[in-house]
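Engineer: Got chain P; can you put chains E, G and Y on it based on the hints?
4 protein chains.
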Amino acid sequence: MRIAMIGLGRMGANIARRLMRAGHELVVYDRNAEAVDGLAKEGAIAATGLEDVKAKLATPAVFWVMLPAGGPTESTITDIAALADAGDVVIDGGNTFYKDDIRRAKELDEKGIHYVDVGTSGGVWGLDRGYCMMIGGPDQVVRDRDPIFDALAPGIGTIERTPKRENFDSRAEKGYIHAGPAGAGHFVKMIHNGIEYGLMQAFAEGFDILKSKSSDKLPEDQRYDINLADVAEVWRRGSVISSWLLDLTAIALANNPTLSNFSGNVADSGEGQWTVEAAMEEAVPANVLTTALFARYRSRVEHTFADQVLSAMRFGFGGHVEIPQ
Amino acid sequence: MRIAMIGLGRMGANIARRLMRAGHELVVYDRNAEAVDGLAKEGAIAATGLEDVKAKLATPAVFWVMLPAGGPTESTITDIAALADAGDVVIDGGNTFYKDDIRRAKELDEKGIHYVDVGTSGGVWGLDRGYCMMIGGPDQVVRDRDPIFDALAPGIGTIERTPKRENFDSRAEKGYIHAGPAGAGHFVKMIHNGIEYGLMQAFAEGFDILKSKSSDKLPEDQRYDINLADVAEVWRRGSVISSWLLDLTAIALANNPTLSNFSGNVADSGEGQWTVEAAMEEAVPANVLTTALFARYRSRVEHTFADQVLSAMRFGFGGHVEIPQ
Amino acid sequence: MRIAMIGLGRMGANIARRLMRAGHELVVYDRNAEAVDGLAKEGAIAATGLEDVKAKLATPAVFWVMLPAGGPTESTITDIAALADAGDVVIDGGNTFYKDDIRRAKELDEKGIHYVDVGTSGGVWGLDRGYCMMIGGPDQVVRDRDPIFDALAPGIGTIERTPKRENFDSRAEKGYIHAGPAGAGHFVKMIHNGIEYGLMQAFAEGFDILKSKSSDKLPEDQRYDINLADVAEVWRRGSVISSWLLDLTAIALANNPTLSNFSGNVADSGEGQWTVEAAMEEAVPANVLTTALFARYRSRVEHTFADQVLSAMRFGFGGHVEIPQ
Amino acid sequence: MRIAMIGLGRMGANIARRLMRAGHELVVYDRNAEAVDGLAKEGAIAATGLEDVKAKLATPAVFWVMLPAGGPTESTITDIAALADAGDVVIDGGNTFYKDDIRRAKELDEKGIHYVDVGTSGGVWGLDRGYCMMIGGPDQVVRDRDPIFDALAPGIGTIERTPKRENFDSRAEKGYIHAGPAGAGHFVKMIHNGIEYGLMQAFAEGFDILKSKSSDKLPEDQRYDINLADVAEVWRRGSVISSWLLDLTAIALANNPTLSNFSGNVADSGEGQWTVEAAMEEAVPANVLTTALFARYRSRVEHTFADQVLSAMRFGFGGHVEIPQ
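Chains as they are written, first to last, in the numbering used here: chain P, 1 to 325; chain E, 1001 to 1325; chain G, 2001 to 2325; chain Y, 3001 to 3325.
Please note that a few of the clues may not be correct.
[What the hints assert, rightly or not] Where chain Y lies over chain P, by a calculated footprint (3+ residues, C-beta under 8 Å):
(1) 215 to 223
(2) 291 to 298
[To be verified] Sample of chain Y residues at the chain G side, in silico, Cβ under 10 Å:
(3) PHE3097
(4) LYS3099
(5) ILE3159
(6) ALA3295
These aren't lab readings, by the way, just hints derived from the structure by calculation. Backbone N, C-alpha and C fix where the C-beta goes; we use that ideal spot for every residue, glycine too.
Next up, chain P with everything else stripped away, as it sits in the complex (with noise of 0.2 Å):
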């Protein structure tokens, strides 16, 4: 299958190798020109813009956008949209807000554009492991795909197959779903990457008690000195919380077991601050996302002024001097 894939950064490049890979013909666009000359020595065709792109595309033409949220993938689509035929189909495989998706599907509906929306996991390690998918759109456009999608998924391979699943769709247990109308699969990307910062900030949190239990701020019979890359190893062997998580928590810390490579400035993309807002919308109670989420904007400030109305008050009604860091 010819597709085009715009926006060559490592996530775009990465998934139009692993495409290729499996026979795909990969059109390929990028404002850098050093990245489409890379994919074209891997034997994609090069493509000089947007007109270039559909011009070396059969008809109906698969645009594959993969650039950052907001402006720059919404600019782009529009561009898209501009020189696309009806039939031809619009994927979105970045972090877009799935909100977004919807009026976009609208708009590009309209003119006979298919827009289809792809939540897409797997980091650094997809090219390799292959990408799980969560994809929205219309039913038919996201079959007359799969073989694209088929081809970056994982697979079945080695993993434990779930009991029962014969009575469910089979794409999941090859890594990629059809999650429902536009935005669906954004939306369901959106709550793993929210899972996913709940899960890191357990463990984190986890490890900080471990580590904390040297401290000499306890009596000394009360303190022990944990080896925690061991820890996150024996933890990866049986236990009830091995998790992929956990084999990058070992990695890291048999790399360093101090961290102190790291100085724990963590970022946050807005997928995390969706999940508590579509959390809201649905009056759903989810304190573990939240906290995770807030433990990220606290890690990025040294003190809050919230700290500083504590230590007024404080002063306020008991003469408390603030306690030196």
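Structural biologist: Below, chains E, G and Y alone, put in the same frame as chain P:
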């Protein structure tokens, strides 16, 4: 009534003063002789040690111990117990953990000595405003010291009376209650402080959101530059959240609208932690009180190890490099 | 000053009454004719519709809209805008989302109509105690209506004055502030409600821990049977957590010490959610305000699906069968 | 190696079986004679009491106690201590609080008896998958029982190896670690369970938000009807959150997509609470682990008293009547 005050720090000295103002006779002792001399000049009877205290008291003797919770209080009460007679009364007015009260009361009871625990709120303002007291101990022992508690409490004053209070103990309206047997006073005071942490954090977060609304991280047309001192002041007037903690915040903000005189290292005494422990023993969810406590822990470190674990994972799955602070 | 009140629910009617008591002339309108008649009997000028309201007002006309936020307010303001003249003033005194204020102010400004948003706290007590008001809008437009706000506010009264207030806007001491341009009033009111949720939850958790201390799940020698009404009352007297919300709790507990007249389905209006959204836009951690909101969601369902997922996992790894409730 | 298993519940019996499969000789005892007979039929040496156990063991004797934490474990170990010889080894494989381990180890050490604590994860799957073990105790005593731990652990298996592990203790890769002196094993296991609670709650909240996206409380064009079983399955394939707990969720959802076989009363064992206590002793913020624990408390009651307090306050300031559930 003659009573001894052991421990003449800010709290002990002011309680002694308020009692003397009400006509009580105070025998005072502190390891720091200057503190004793100071109170003596104000009319107290100076004592040179616990035996001297005992000698200068009537029978039954009443010892009010006002020392830091833990070691100092524990050892002093042990020393008093060694020289007290059956029928004497030991009052612990500090911030003792209520389970220590229960244990101590049993120990002293074996010698016929009565133990009374008094949780005291009022801080530096108590000398003039009066102290709010939550008392635990044997009913008659507490009743017999009513003149003491009555003198220390704020009294009914000008605070609007709660309807239907005629069905309840009138002492509460004067500012003190007999909460139950040994430990009950400190238990109620502990919960008071737990609530206090939650209230403080609620205000702190709210003011932080107000202040950060002027942040240049926001789009320019979504910023407000709000006068926080005026906000604190107006909320004191007829709003649902009017409270003494808000009064104190208004004072602090009127004094320094940026609170730049506070860096935000916020200490916690034991009560917040004990409140969470009590909640867990009872299986009562206490999310707000707990998160308020944790915010103080967090205020005292620049980065947690948890933050570093998060950064390490993000690098692991996404190749994300930390954002600069 | 002559002013129209559109919307004569409890809040609107009481605001009209308080204004009339201060000598202002009120033109009143509500879809419910009985409500109009009622106010007319108290001295207001009855109007039969918005055009009639406009006709009965001076120039510039001042419309105070006091309707449920969202649809009712939106459509009424649209209707007013259609018949108002340049220089007229529309005041939204309801619980509007501040971003709606910003949008509306722009729309009305194109016709030369002034828009003022007023966040109002005081509830059912406002008629007598006065209303605490947070105002957004153009400076001169707000200043020109000072007699209105002054009449509604509680005034300085007997509340102790904050030191150093002489450097600040004197309106705050009377109980109203001009917080900034359009939306700023409702923004500050929104934060007020966010804080209110946090304060309420802190008290609620604390009283829950006190009450559950008598639970027979605890060992018998660790139980206290604490009189909650007395505790609420005593904390009103000189304690750090004295506040109006505590006063209300004391009233409720004196009336019914088990609160058996309340089942605990707790509604939330939009402000709590909007406060969390504002915090996220600013990347400010707001754990207490958020968890307070989530506790309300949780209060309204018997079990969450999340609980069921937990049970399913526990069965999966441990064969744990659910405990009976 | 010959070893005694005291306590033949599901965990004890399976551990005994796995050891016998590896060629070890098991002396087994339980108050329940049927359980003993059952194991005897599978090849174990039946004992009629602790003295009989001791008689049938070699020197030094090794007792593995696998009983409910608290009373049963405590009294059994006391009984064993009374008949054990210096040099004998008592292993507590249950869920004991680590501070009890520290105390017990000291007590047994006075008699020359060695104490080893083993935190064991693996649940009902351990017999076949192997047990992940975290061990505390004297170094040589633990090393001398390596054949036991090696037999119980999962072994390296097919799990991808962590780079740079050659610098670390090789036991971790096989699925067990010697975490430190007495109590360290149970401490690490306790943190494991604390993390487990957090991970579970993160998944639970995420699936709740997914499910509630079909709620008719949402506007119709904002609903998705998402197949949760497919989502759980696809996330197992290459996503960042793949984990054993997700595998179990996928199994549960494939079996019953609405989880209607679970009502959602979620128990907690002591480890979650102890983890929070450890965090507080270390002043480490542990918001996620704590809120996960509190969600379980909340799952077990229909309404909290806290909810009623909120309702009472809302009625107090706003006249709000509770919404029907």
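Engineer: Next, verify each hint and record whether it holds.
Structural biologist: Outcome of the hint check:
With 5 residues bearing a CB less than 8 Å from a CB of chain Y, the region 215 to 223 of chain P meets the requirement of three and the coverage assertion stands. Proximity of the region 291 to 298 of chain P to chain Y, defined as three or more residues with a beta carbon under 8 Å from a beta carbon of that chain, is established by the 4 residues found. Interface restraint check: PHE3097/Y against chain G, minimum CB-CB distance 16 Å, threshold 10 Å, status violated. At its closest, the beta carbon of LYS3099/Y sits 18 Å from a beta carbon of chain G; the interface hint therefore is violated under the 10 Å criterion.
Because the closest C-beta pair between ILE3159/Y and chain G is about 18 Å apart, greater than 10 Å, the hint is violated. About 7 Å separates the beta-carbon of ALA3295/Y from the nearest beta-carbon of chain G, less than 10 Å, and the hint is met.
Checked against the numbered hints above, the structure breaks hints 3, 4 and 5 and satisfies the rest.
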